[in-house]
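Asker: Construct the entire structure; sequences and hints are all you get.
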Amino acid sequence: MDNKFLIIDGSSLFFRAFYALPLLKTKRGLYTNAIYGFVMMVENAIEKVKPTHLAVCFDMKGKTFRSEIYKDYKGTRQKTPNELEQQWPLVREILDHMNVKILESPVYEADDIAGTLSKLGTEEGFENYLLTGDKDYFQLVNEKTKVLFTRKGITDMDIMTVEKIKEDYGIEPLEFIELKALMGDSSDNIPGIYGIGEKTGLKLIHEFHTIENLYDNIDDVSGKKLKEKLIDGKMSAFMSKKLGTIVKDVPLEESLDDFKKVDYDYEKLSELYREFEFNSMLDRLPEKYRKEEVEEISQDNFEFVEIKDLKEIEKDLKDKKSLAFKFITDGKIYEDVKPIYLAVKVKDSEVKFISYEDIDFDFLKKIMEDEKVEKLGYSLKEDIIILMDLGIDIKNYSHDVEIAEYLLNSTQSDYDINKISMAYFKNGYLDLEDLLGKGAKKKTYTDLDKDDLFKYFAFVLNTIYRLEDLQKEKIDEEEMTSLYQDMELPLVEVLASMEYVGINTDEAVLDEIDKQIIEKLKTLEEEIYEEAGEEFNINSPKQLGVILFDKMDFPVIKKTKTGYSTSADVLEKLRGKGEIIDKILDYRKFSKLKSTYIDGLKAVINKKTKRIHSRFMQTVTATGRISSTDPNLQNIPIKTEEGRLIRKAFLASEGGVLVDADYSQIELRVLAALSDDKEMLDAFKHGLDIHRKTASEVFHVDYDDVDDRQRYEAKAVNFGIVYGISDYGLSQNLNIPRKAAKEYIDNYLGHFVGIKNYMAEEIKNGKDKGYVETIFKRRRYIPELNAKNFNIRSFGERIALNTPIQGSAADIIKIAMVKVYNELKKRNLKSKLIIQIHDELVVDTAEDEIEEVKELMKDLMENSVDLNVKLSVDMNTGANLYESK
DNA sequence: ATTGTCACG
DNA sequence: ACGTACGTGACAATG
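Residue numbers (the numbering used here): 916 to 1800.
There may be inaccurate statements among the hints.
As the list claims (entries may be wrong) - Cross-link-like lysine to any residue pairs, in silico, SDA-like; alpha carbons within 25 Å at most:
#: 1; residue 1: LYS965; residue 2: LYS1050
#: 2; residue 1: LYS1175; residue 2: LEU1187
#: 3; residue 1: LYS1773; residue 2: ASN1791
#: 4; residue 1: LYS1114; residue 2: LYS1142
If you are wondering where the hints come from, they were derived from the structure by calculation, not from laboratory data.
Answerer: Below, the structure written as structure tokens:
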């Protein structure tokens, strides 16, 4: 058999792979796109060439002999991004396990080594293949040497032979050196001759073949301008030729025999591919090294039937007491938009579709409320809301693909079922975005062909079943089964109810406040223009910055990456230096109130019910908290009186009151429980004011002698502890010197030793395991903890400290929510849980149930969990949110 | 689509 | 020596 030598230009492939692919990231936060693309290209080339010999060449960092010739060589190269840098050692690790020889030199570049190898190969009569994305290699092509030139993407490859080069460029391979001498190379910062590009260059080389010959016959060049350019650039051309010529006699220790291809270390490769989540790579390995979970999805994934009578599923349900379902709808039922279809799949049966109008709702109610039939779904909250509207009380729903995936990795940006599917399976996907498009032209389900629509939802329902066991297994392995079944799944129904019920909102109250705000804004606007001496857009930070810092010469306190910072803390520091500052702060405040809380809220009041149905989201935050959108009801103003007035628009339902219950210091209590700090536990046990207690320790004064300022500062220290403290952060917050902040912290940790130890332990633990967890085993992976970059690592450490605290508090209130909701339901009370604000619950309470509700809320919230610290709940009632808080 | 700002816990 | 508090969502301006 003939010897075939595959020589790989590692550096160029690595860069090409990185820029050709989106930034892929593993669950642990490892970037893998360059590695993936690299391995893919190498494997493709190996498959194509079937080499007997193999080598990879890399550039090393630092200067090479070319820098001696021209100091600016590669001077235009930008710093490699961090995401790329990280992948570098991992590629080498893979190559090691592929048993490929890696060559690099402090003096020569990858192409010089490759040139030398191809020369060696040529001399021995090998067939040589150079795999690269760099055109420079064309000069190495000869009868025995071809270039595998990667094109756009990572799968396309051109095979460059002598003939192909002649055909494409009309010149000989070696003449590429001459061409580059003339046109230069911007990526390597080789100058060439100014004003000569590929076109002119090719024409000249075609005619004169070498630059020596060109300059010997310079008078034969047509065109005066061009001749001038050539004469002016002669030096540069010859230097560029030197720079652009690939060296072919780099001294090497290895002989060709050393590059003989050897078998891979499959065991190790399989391990790495798993870590990198390279499922398709695993498939290329011999059978016994493949990943078991990778499962082929076939076309039946998309099969379905349409039915006219829902009862057709009844016989299937006889054997399998399990079904997945999804309503297909373009809107919200509480906005009077009815679903178009219902998709159902009884386990192991075909997916069935039925028009919404054709549904026998009594039958639907029967199966949905049948405790013996388990239900599965994806984004079940949406479907439960629809069922609620139909008066159906779903029972025994046991899996929600979205919620499950969120528990497995809470830091993803979305939980699109197609993306989840791609992470578990190999093929057979349908992307909703491909179907509906995005942006302004986004279609609705109604716009789609019925066939496309059904195909997609058939995929969804089939995927729910395919994922069920895999996700549940993982959840079990990570000890989150109880968290999933006893907390998150029951909560889905609670959140569905909160969204469905909504909160009674009085638009007239908002209109009244609006009138006053409009007046205030008008006056402020005029006064600001007056002092600025011109009119401008006060809402534009850019324009405001110009007025304040260029025109009016206020001192610049802080800059953002685009210009001057005009944020409130900056303006705060400028207070007293001019009346305009206070006016801008006021203007900002009222402008915010108007846009977000007057206009914004008015726009989302349901016309028919006069209620606002905020969507409470369960899979958004990295810590386990719930979030609220459209509108966000978790950030209604309270800190300033003007803003707080907005709360008067949120009313109890007719004749009732709002009962508001909030946990007192829940995060600090959680911290006391987690750290088991004796002092802190003691303080809570004795019902002390925790900020006052902190102040007495930080400032070394008696508990009773703490003054207001000290308490205020101690409060900031406590916040800092919860956030993962830094002296700088505290100093900024309190506007005190960093040294003073450091002293506060040292005093604090010197006294609360349990907390100090806990913090160190938590960080170590996070670094070792790659994640931290809450009291109830909710997990958050923190790849930042092992970053080389100080800032990123510090950020990771603060996350490691904050997440267990914030997350455990979130766990606690979630448990309380489920208990309160279920108790209200069990007792058949009219009162409904309608809002959660992280440490606070609001129940829209019927008048005759007030005492009962207050009692049960306090009891269930304070005793929702069993901790070594007491939980304390404060209660308030009122006709509206202003009064109940 | 991104940035700056600001509302909340 | 590094430059920072943790977690969200909405809006207006601007690229």
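Asker: Hint by hint, note whether the structure agrees.
Answerer: Taking the hints in turn, this is what the structure says about them:
1. LYS965 - LYS1050: 23 Å, holds
2. LYS1175 - LEU1187: It holds: about 24 Å lies between the C-alpha atoms, which stays within 25 Å.
3. LYS1773 - ASN1791: OK: LYS1773 and ASN1791 at ~11 Å, within 25 Å.
4. LYS1114 - LYS1142: 15 Å, holds
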